[in-house]
Amino acid sequence: MRSYLSDRMGAALLMAPLLLFLVLAYAWPFLGVVKWSFTLPTPGLGQYEALLTDDLVQSVFIRTLRIAAVVTVVSVAAAYAITVVWVRGTPAQRLIAEFCILVPFWISVLTRAFGWVALLSNRGLINTWLQAIGFISEPLALVRNEFGVIVGMTHFLIPFAVFPLASAMRSLDDRVLLAARGLGSSRMRTFWTVFVPMTRSGIIGAAMIVFVFSLGFFVTPAILGGGRSVMIAELIYLRIFQSPDWGLGAAISVVLVLFVGALMALLFRYVRPKQLI
Amino acid sequence: MPTYRPGPVSLIIAAFVALFLLMPLLAVIPVSLTPSRMLAMPSGELSLRHYRALIEDPRWLQSILLSIRIGVVSSAFSTVLALCFSLGVWMFQPRFTAALVGFVLLPMVVPPVVSAITLYFLLTSISGFSAFFGYDTWLGVAMAHSVMTVPFATVLMLVSLSQLDRRIDLAARGLGATVWERATRIIMPNIKFGIVTAALLSFVLSWEEIGVTLFITSVNAITLPRLMWMGLRDNIDPAIAALSVILIIITVLVLAVRSFVARQRGA
Numbered sequence: 000m001r002s003y004l005s006d007r008m009g010a011a012l013l014m015a016p017l018l019l020f021l022v023l024a025y026a027w028p029f030l031g032v033v034k035w036s037f038t039l040p041t042p043g044l045g046q047y048e049a050l051l052t053d054d055l056v057q058s059v060f061i062r063t064l065r066i067a068a069v070v071t072v073v074s075v076a077a078a079y080a081i082t083v084v085w086v087r088g089t090p091a092q093r094l095i096a097e098f099c100i101l102v103p104f105w106i107s108v109l110t111r112a113f114g115w116v117a118l119l120s121n122r123g124l125i126n127t128w129l130q131a132i133g134f135i136s137e138p139l140a141l142v143r144n145e146f147g148v149i150v151g152m153t154h155f156l157i158p159f160a161v162f163p164l165a166s167a168m169r170s171l172d173d174r175v176l177l178a179a180r181g182l183g184s185s186r187m188r189t190f191w192t193v194f195v196p197m198t199r200s201g202i203i204g205a206a207m208i209v210f211v212f213s214l215g216f217f218v219t220p221a222i223l224g225g226g227r228s229v230m231i232a233e234l235i236y237l238r239i240f241q242s243p244d245w246g247l248g249a250a251i252s253v254v255l256v257l258f259v260g261a262l263m264a265l266l267f268r269y270v271r272p273k274q275l276i
Numbered sequence: 000m001p002t003y004r005p006g007p008v009s010l011i012i013a014a015f016v017a018l019f020l021l022m023p024l025l026a027v028i029p030v031s032l033t034p035s036r037m038l039a040m041p042s043g044e045l046s047l048r049h050y051r052a053l054i055e056d057p058r059w060l061q062s063i064l065l066s067i068r069i070g071v072v073s074s075a076f077s078t079v080l081a082l083c084f085s086l087g088v089w090m091f092q093p094r095f096t097a098a099l100v101g102f103v104l105l106p107m108v109v110p111p112v113v114s115a116i117t118l119y120f121l122l123t124s125i126s127g128f129s130a131f132f133g134y135d136t137w138l139g140v141a142m143a144h145s146v147m148t149v150p151f152a153t154v155l156m157l158v159s160l161s162q163l164d165r166r167i168d169l170a171a172r173g174l175g176a177t178v179w180e181r182a183t184r185i186i187m188p189n190i191k192f193g194i195v196t197a198a199l200l201s202f203v204l205s206w207e208e209i210g211v212t213l214f215i216t217s218v219n220a221i222t223l224p225r226l227m228w229m230g231l232r233d234n235i236d237p238a239i240a241a242l243s244v245i246l247i248i249i250t251v252l253v254l255a256v257r258s259f260v261a262r263q264r265g266a
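So the sequence lines, in the order shown, correspond to chains X and U.
Just so you know, the first sequence maps onto residues 0 to 276 in numbering that gives the first Met the number 0.
Just so you know, the second sequence maps onto residues 0 to 266 in numbering that gives the first Met the number 0.
Worth flagging that the hints you see were computed from the coordinates, not collected in a lab.
Cβ atoms here follow ideal geometry from the backbone N, Cα and C, with glycine treated the same way.
You may find that some hints are simply not true.
[Unchecked claim] Chain U residues, not near chain X, derived (Cβ > 12 Å throughout):
id	residue
1	E44
2	P57
3	A171
4	I185
5	S258
[Said to hold, decoys possible] Looking from chain X toward chain U, a few residues come up when the C-beta cut is under 10 Å (computed):
id	residue
6	L23
7	E145
8	G260
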């Protein structure tokens, strides 16, 4: 009995500081933001009504969903291609693939967005070269539009899609693939009818992670979109800092959290958390 | 060893993806050497003026020092909190563990922009009481960064604890060790690699944090990413290219050393 009591005391003492810190510094202020959404500028549901009727907000929501969908498809496909080599290549191939995945992963989002500006802007690498070889006379508009945003976000999110895919591919039994080959299935057919279906949980996990991340993305769209293709996160920023409309910014945040929460709940019905690492 | 290797088609597609991943990192190198004052490709002559600007302009050095200070403080804070919490979870396995861990991981899964507005609310509220701890102060930024990094530190600690053999702790307990002795002399020495990794990851995450920092600073607490952001939004300053090259080189070196050490340990 004594030890049972002291166990509970010990656990409480050890766990309390972090829990207290997050309640005070995260949960409580989040409730404050929720309160803003119902009270600013006037008490009531006005901000949520505005969400449903305001054309600008609607178009930003639709653009965000569209960009997130495109980015999800492209980055999961690209991640799949490089993960196959990272997990199943020869040792040299694996080393190169790992380098190409981990170096961008550890480099800050700002540096990476800047790299794309250096490549895609009017006086950037690609336009300079294309003009130098006479392929185009006027620079192509590759940045400060949706194309630039999609390229930058895909680049940022590929490494995040790699990890769940790699975990699914590692746990796959080689003998099944050998059996398919031994029974006369071609390389292509084995890949599409055996390999891909057996990594389905990894694909679902990767797609969910990328999609959820894209919904709340801020830095890359703000830099590569140049204020022209605003996504939800940048809209929240603009509502708080440029046209002070804290209530609307808060209401958009609340809706975003609920939406992401619903997606996560859906994800965990299909994939166990351990499969995502 | 997998016996089933990727074929030529897979290799070609993967090579394109690899090129795509490295391209923007390579593109900053020529830009950093341009003699021009604006973002441009160097034509002919190369120059190191933007590297010199990094040393000569005191704003860069100040923001680097500030970022290091904030990183060290927030990393120490979140590592200690995460360590205590994880020890509590592992040693006592209390009821509702899943819910409590889930709560701690929230800042990691909630969209960063929502965390940012939440921390903006927190720090502007604190500013009403205190001038040196709130919106646009370095302590405020350090606290906000701790909120954002503590879930990652906790995950790393819980993962390294999950690989620890419970029987050594049971043995210590059976021999009469107190909770304090079990924690500091039995468990912590066995997860010291996890603790160091958690501290390093917290530091790196704070060092490059920009999403939240943008919301909670304006003119005083200008961290390095914040300064880069200012240079990226208005007229693009090629000094950012020079800085990016240096950061990329450091990253590559650290990863190379880490992979070398991992190889040595494995061998």
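Verification of the hints:
Here E44(U) stays apart from chain X, with its beta-carbon at least about 15 Å from theirs, past the 12 Å limit. A cut-off of 12 Å between C-beta atoms confirms that P57(U) is not in contact with chain X; the least separation is 21 Å. For A171(U), the non-interface assignment is confirmed: its Cβ lies about 14 Å from the closest Cβ of chain X, beyond the 12 Å cut-off. Under the 12 Å C-beta cut-off, the non-interface status given to I185(U) relative to chain X holds; the minimum distance is some 14 Å.
Its closest Cβ contact with chain X, about 8 Å, brings S258(U) to no more than 12 Å, contrary to its assignment away from the interface. At its closest, the beta carbon of L23(X) sits 8 Å from a beta carbon of chain U; the interface hint therefore holds under the 10 Å criterion. The criterion of a C-beta within 10 Å of any C-beta in chain U is not met by E145(X), whose closest approach is roughly 18 Å, and the hint is violated. Hint status for G260(X) relative to chain U: holds, with the closest Cβ pair at about 9 Å, below 10 Å.
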